[in-house]
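Visitor: Read off the chains here:
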Amino acid sequence: MNPTELALGQAYFWVCAAVAIAGAVTTVVAKNPIRGAMGLLVMILSIAGLYLALHAQFLAAIQLIVYAGAIVVLFIFVIMLLGPDVSAPRDNRGRLPRIVSASAFATAGLGAMLLLLRTAPPLSSGKLLPAAPTDFGNVESFGRILFTDALVPFELSSALLMVAVIGAVAVARGHHKSDSRERRAAADSASRTSDLSEPKATPSAGVTATKTANPTKVHAYEVAS
Amino acid sequence: MALWFVLSPLLVVAGGALLLMLAEAFSKEGARGGLALGTSIVFAAGFVFSIGVWLYGVDDVPERLALAPWLVIDHFTIFFDALLCLGGGLAALLAGGYLPEYNIERGEFYMLLLFATVGAMMLAAAGDVLTVFLGLETMSIGAYALTAFRRTSPRSAEGALKYFLLGAFAAALLLYGFALLYGSTGHTDLAGIGEAVKQSGEKTPMMVIALVLVLVGLLFKVSAVPFHMWTPDAYEGAPTPGTTYMAAVVKAGAFAMLLRVLLTCFGDKGSMSWSAGWPPALAVLAVLTMTVANLIAGQQESVKRMLAYSSVAHAGYLLVGVVSTMHSQAQGVSSVLFYLLTYTVSTAGAFGALILCGRRGAEAVSYEDLAGMGRRHPPAALAFSLFLISLAGLPPTAGFFGKWFVFRAAMDSGFYVLTVIAFLNSVVAVYYYLRVLVYMYMREPPAGAPVATPMKSGYVTAALLLSAIFVLLLGIVPQSSLEMAIKAASVFGG
Numbered sequence: 001m002n003p004t005e006l007a008l009g010q011a012y013f014w015v016c017a018a019v020a021i022a023g024a025v026t027t028v029v030a031k032n033p034i035r036g037a038m039g040l041l042v043m044i045l046s047i048a049g050l051y052l053a054l055h056a057q058f059l060a061a062i063q064l065i066v067y068a069g070a071i072v073v074l075f076i077f078v079i080m081l082l083g084p085d086v087s088a089p090r091d092n093r094g095r096l097p098r099i100v101s102a103s104a105f106a107t108a109g110l111g112a113m114l115l116l117l118r119t120a121p122p123l124s125s126g127k128l129l130p131a132a133p134t135d136f137g138n139v140e141s142f143g144r145i146l147f148t149d150a151l152v153p154f155e156l157s158s159a160l161l162m163v164a165v166i167g168a169v170a171v172a173r174g175h176h177k178s179d180s181r182e183r184r185a186a187a188d189s190a191s192r193t194s195d196l197s198e199p200k201a202t203p204s205a206g207v208t209a210t211k212t213a214n215p216t217k218v219h220a221y222e223v224a225s
Numbered sequence: 001m002a003l004w005f006v007l008s009p010l011l012v013v014a015g016g017a018l019l020l021m022l023a024e025a026f027s028k029e030g031a032r033g034g035l036a037l038g039t040s041i042v043f044a045a046g047f048v049f050s051i052g053v054w055l056y057g058v059d060d061v062p063e064r065l066a067l068a069p070w071l072v073i074d075h076f077t078i079f080f081d082a083l084l085c086l087g088g089g090l091a092a093l094l095a096g097g098y099l100p101e102y103n104i105e106r107g108e109f110y111m112l113l114l115f116a117t118v119g120a121m122m123l124a125a126a127g128d129v130l131t132v133f134l135g136l137e138t139m140s141i142g143a144y145a146l147t148a149f150r151r152t153s154p155r156s157a158e159g160a161l162k163y164f165l166l167g168a169f170a171a172a173l174l175l176y177g178f179a180l181l182y183g184s185t186g187h188t189d190l191a192g193i194g195e196a197v198k199q200s201g202e203k204t205p206m207m208v209i210a211l212v213l214v215l216v217g218l219l220f221k222v223s224a225v226p227f228h229m230w231t232p233d234a235y236e237g238a239p240t241p242g243t244t245y246m247a248a249v250v251k252a253g254a255f256a257m258l259l260r261v262l263l264t265c266f267g268d269k270g271s272m273s274w275s276a277g278w279p280p281a282l283a284v285l286a287v288l289t290m291t292v293a294n295l296i297a298g299q300q301e302s303v304k305r306m307l308a309y310s311s312v313a314h315a316g317y318l319l320v321g322v323v324s325t326m327h328s329q330a331q332g333v334s335s336v337l338f339y340l341l342t343y344t345v346s347t348a349g350a351f352g353a354l355i356l357c358g359r360r361g362a363e364a365v366s367y368e369d370l371a372g373m374g375r376r377h378p379p380a381a382l383a384f385s386l387f388l389i390s391l392a393g394l395p396p397t398a399g400f401f402g403k404w405f406v407f408r409a410a411m412d413s414g415f416y417v418l419t420v421i422a423f424l425n426s427v428v429a430v431y432y433y434l435r436v437l438v439y440m441y442m443r444e445p446p447a448g449a450p451v452a453t454p455m456k457s458g459y460v461t462a463a464l465l466l467s468a469i470f471v472l473l474l475g476i477v478p479q480s481s482l483e484m485a486i487k488a489a490s491v492f493g494g
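These protein sequences, in sequence, are chains A and B. Using my numbering, you'd call the opening residue of the first sequence number 1 and step up by one each time. Using my numbering, you'd call the opening residue of the second sequence number 1 and step up by one each time.
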């Protein structure tokens, strides 16, 4: 590898890394949610660029298809459904705790990175890592490893996907079903249903016996949803 | 064939879950009462297969090495398989009574129990950071969904959201730690990392940062103070069988991971030394966990929340056992394993008794709800007392021997101060466990208050009977189970 190529490669890395950081910062600080989603997209694209530089072509393609193609689109769908001009609720915490905690975390993170950087084995430009094998990171070699060496974790990940699907169904169905049930239950005994969110603040008809006697005590009976 | 045999506990639970899912999909609405029974049978089959593999002798099956390095099947794994199936089965039985009573009977609950247990069993067997992460996420996502199951309840939603956000954050920290470990050793399998750590001798800052990140991730999952913030909310928000599951199975799975990762990767003398290793950090956190959790538990007005804090405190006692692996790995690990066994049956029983004491529209949550239970419903109160006495660690119950072996392991390793603090803590804990007994036997509900009546359910009764048998058996003749724990711990050597 000649010096021009090396310089070009380094320039490529720095551009991708800088764009990725800019995208990440935009995601965090943007007030407009669409702008935040776009920042995320930029970050994902530039990280795909970094993967390419590392010869991980398959990973770069997957990054584009799954993250840029599916997940960011999903985000934008949700934002559009809610209306693009919604913004986050105001943060009521004071300015000082936020600044103190943010700087504490930033110091710890940067300190750890600095420590790693200074103690990592030196990698001078004259001493390059051995070149990756020609088929490294492409679809064939990736697939071969996935179905031979890494077959066990590949199969096990099906349990992970399965539990995620069932969990999503459980949470989503819980809403509708118990909604209709709740209405039926409310019709049955309107007096018994009480709001669980504020058990102490709102004494409700059915359970006042203990609570009016001693209002500081916790709600005696939680009415099942 | 032999490979299938050593994997059978895992495969039975996973296959049973798939079959039950099909059965649930094709069954008519309202005809799903058998699902709890089916789930319990699957867990029982998993338990029986684990015992079968154990008795056959897992070391005699050379084919198990074909799964290396992804899954390590040894006596430690099989011990945990049996323990996790036991805890899952008890939770499934409790769900069979609880869910129909509160009108939230939906098949997904049982599937989540089964698949999360598959994740926990993967975790117990994991021998590579990749499988550790897969198992951990499978177990955790199941637990998040269990917490959010009663979605219309704001408490459930709040607990689930907290648990999910903090859990995802902890998983990210753990992954970061694993990435740094890979960067500094060039291995992703735990044994290879352990070998590289031993070879390198001195500790690089990268390794130390990796160790810190991994420790934070692991301790979050076992809910040690100060990473316990999610525990009371998640435990309170989940339907009580889900809470039982989290307190028993998720905790056991997390401890399996903690032991395996720490002792395989950082098990050599250099990285366990008192001056430079992880045991001192764990010892400090164990003291914090026990003390903070016991002090807060004493102030709770809700029994469910008190039991949640008590499970945090038990994580502290377990960490004492983990710390005492420093001098004798086999003794420390076996005490942790035996404690987990006693804790699983006691806590499942305690939550089960709490379920038994309430019914639709009148779920027992606070101490007042239990007032007068002892006179009006002696069997329910007696069962509750038995499990609380076991959690408090008084003889002749399982909890006594659990604590005894952990404290003895700590004493034998020379951690006298730690043992004294743990002992004082267990005395403090007796206060809030006995407070429930005081309310049940010595207080009467205030006039006009709604009176709790126990629910009638064969499933809950069966779960309580099963746990009671285990609690008494382990408390009176702990010998054979202790020998199993010692044999399981022997895989870590020295």
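If you're looking for bench data, these hints aren't it; they were derived computationally from the structure. Check the hints yourself; a few may be wrong.
With the C-beta cut set under 10 Å, the calculated list includes, among others, these residues of chain B facing chain A [said to hold, decoys possible]:
{"no.": "1", "residue": "G16"}
{"no.": "2", "residue": "L19"}
{"no.": "3", "residue": "L22"}
{"no.": "4", "residue": "L71"}
{"no.": "5", "residue": "D74"}
{"no.": "6", "residue": "L112"}
{"no.": "7", "residue": "L130"}
{"no.": "8", "residue": "Y144"}
{"no.": "9", "residue": "A160"}
{"no.": "10", "residue": "K162"}
{"no.": "11", "residue": "A172"}
{"no.": "12", "residue": "L175"}
{"no.": "13", "residue": "L180"}
{"no.": "14", "residue": "Y182"}
{"no.": "15", "residue": "K269"}
{"no.": "16", "residue": "M272"}
A quick note: this is a predicted structure, and the numbers were derived from the prediction, not measured. Built from N, CA and C at the ideal position, the CB exists for glycine as well.
Visitor: Which of the listed hints are broken here?
Guide: 1, 2, 3, 5, 10, 11, 12, 14, 15 and 16
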